[in-house]
Amino acid sequence: MKQTFTDLRNNFVEFLRTFGAFQLFFLRLLRYSPAILTTRMGLVIKQVHNAGAQSLVIIMVCGLFVGAVLALQAYSNMSKFNAEDWTGVAAAFALVKELGPVMTALLFAGRAGTALTSEIGLMKATDQLSAMEMMAVNPVRRVLVPRFLGGVIAMPFLAAIFSAIGMYGAHLIGVEVFQVDVGSFWQQIQLTVEISDVNEGIIKSVVFGVAASLIAVWEGYNTVPTAEGVGHATTRTVVITAITVLVFDFMITAAMI
Amino acid sequence: MRQTRSVEIGTGLFVLLGMSSLFFLTTQTTGRDDFKAESVYTVEARFENIGSLRTRAPVTMSGVTIGRVTKVAFDATTLEAVVHFVIDAQYDQIPDDTDASILTSGILGSQYIGLQAGGSDMYLEDGSEILFTQSAIVLENLIGKFLVNAGSSDEDSD
Chain R
1366 MKQTFTDLRN NFVEFLRTFG AFQLFFLRLL RYSPAILTTR MGLVIKQVHN AGAQSLVIIM
1426 VCGLFVGAVL ALQAYSNMSK FNAEDWTGVA AAFALVKELG PVMTALLFAG RAGTALTSEI
1486 GLMKATDQLS AMEMMAVNPV RRVLVPRFLG GVIAMPFLAA IFSAIGMYGA HLIGVEVFQV
1546 DVGSFWQQIQ LTVEISDVNE GIIKSVVFGV AASLIAVWEG YNTVPTAEGV GHATTRTVVI
1606 TAITVLVFDF MITAAMI
Chain S
13 MRQTRSVEIG TGLFVLLGMS SLFFLTTQTT GRDDFKAESV YTVEARFENI GSLRTRAPVT
73 MSGVTIGRVT KVAFDATTLE AVVHFVIDAQ YDQIPDDTDA SILTSGILGS QYIGLQAGGS
133 DMYLEDGSEI LFTQSAIVLE NLIGKFLVNA GSSDEDSD
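Keeping their order, the protein sequence lines are chains R and S. For reference, each letter of the first sequence is one residue, going 1366 to 1622 in my numbering. For reference, each letter of the second sequence is one residue, going 13 to 170 in my numbering.
Certain hints may be false.
Which chain R residues face chain S? A few, computed with CB under 7 angstroms, are given here [as the list claims (entries may be wrong)]:
| # | residue |
| --- | --- |
| 1 | Asn1375 |
| 2 | Leu1392 |
| 3 | Leu1408 |
| 4 | Ile1410 |
| 5 | Lys1411 |
| 6 | Val1413 |
| 7 | Phe1522 |
| 8 | Ala1525 |
Now the stretches of chain R that chain S is said to cover, found in silico as 3 or more residues with beta-carbon under 8 angstroms [stated by the list, open to error]:
| # | segment |
| --- | --- |
| 9 | 1414-1424 |
| 10 | 1528-1542 |
| 11 | 1550-1563 |
Simulated from the structure, these hints should not be mistaken for lab results. Beta carbons: idealized from backbone N, C-alpha and C, even for Gly.
Required output: the full structure, derived from the provided sequences and hints.
This is the structure:
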């Protein structure tokens, strides 16, 4: 009994330690960010390319199909009430407020987050980070901050592209396949969706961008420097990002509704 | 050098695509604000019931949007709803006995204020109040009245 109690306490203390270290790590990244943004923009651009431009294909294809399936579902339900014109509204709300930011964050974790974690993890396993320290180069500044910033910058754009392509997918299904009148399709959307709904999506994607990049970079930096450790870290990145994003999504929606 | 060039082109393309998507979302999917005026004047109207009228609802005359609701308040002494709205200053010849009613676009659409011109040769100006108002039609009340009427007409026929 006493043993169990000690274990529990130690686990809790260990959890607190990790959580605290994570926050401090975040502050450290933020402290270096302005300097990197002004002096080493080239590094950041390269990471925006890695995290953003190279994720375009998966984001665009997924966006198109998510928009299309939303329109399919919305149409088949709306047509029961003779409200086919609202197909676009249902798809637009779902995309702009929820699925755009959330799906993008999950895809980002799978496509870019894992790449970040394994890259940094391998750098650590092959002692590249230690070598940098030997040369008096701060690896947090030189390696982690540009990757973190690249992800943060890329995410809102990715989410916007996802939603926009999704709207095109919804248009294809609603207007071209089901013959909803194109005028009423878009007019209903414009009458119902408010600028605050778009803002909510943008706020979400920024928050998710910070969370997903931070978790990926943190997991990579704290990898156990073995082949197995890198594998574990990559898995943890996806799992923790998915949980964080969905919990944050709930909290932001509850706060803004 | 080639490497950097292609990275920069790819990033530029990506950011451009992202910005145009944001532009598309903010301009094409949100309500186009068809009311733009350089100067406006404020008019108020009192209603018994405003239904679900809210700020930014359009104010129309003959179906054309000429203004927008800016404030919805409740007057605690007269127990009425006070609606403030602005009208584009270029329409300064609206008779002051104009009638304001709260209408609904479509069966389940959003509510707006419709103005029906009166015959007075005095015009509405900043701060004036519209005296003739007609409240929103609440569907439940309408159904209630209909049922009462239907019941009483049955009794008459007996």
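Assertion that chain S covers the segment 1414-1424 of chain R - criterion: three or more residues, beta-carbon distance below 8 angstroms: holds (count 5)
Given hint Phe1522 of chain R near chain S, where the shortest CB pair must fall under 7 angstroms: holds (3 angstroms)
Within 8 angstroms of chain S (C-beta), three or more residues of the segment 1528-1542 of chain R: It holds, with 4 qualifying residues against the three required.
Interface restraint verdict for Asn1375 of chain R against chain S (beta-carbon cut-off 7 angstroms): violated (46 angstroms)
Residue hint Val1413 of chain R, partner chain S, criterion CB-CB below 7 angstroms: Holds. Min distance 5 angstroms.
Hint validity - Leu1392 of chain R Cβ closer than 7 angstroms to any chain S Cβ: Since chain S brings no Cβ nearer than about 28 angstroms to Leu1392 of chain R, farther than 7 angstroms, the hint is violated.
Annotated coverage of the segment 1550-1563 of chain R by chain S, confirmed only when three residues or more have a Cβ within 8 angstroms: holds (count 10)
Closest C-beta approach of Lys1411 of chain R to chain S relative to 7 angstroms, hint status: holds (6 angstroms)
Cut-off 7 angstroms, beta-carbon criterion: hint that Leu1408 of chain R touches chain S: violated (11 angstroms)
Ile1410 of chain R as an interface hint toward chain S, with CB separation required under 7 angstroms: Because about 5 angstroms separates Ile1410 of chain R from the closest Cβ in chain S, which is inside the 7 angstroms limit, the hint holds.
Status of the Ala1525 of chain R interface restraint (C-beta, 7 angstroms, chain S): holds (4 angstroms)
Hint violations for this structure: numbers 1, 2, 3, all remaining hints satisfied.
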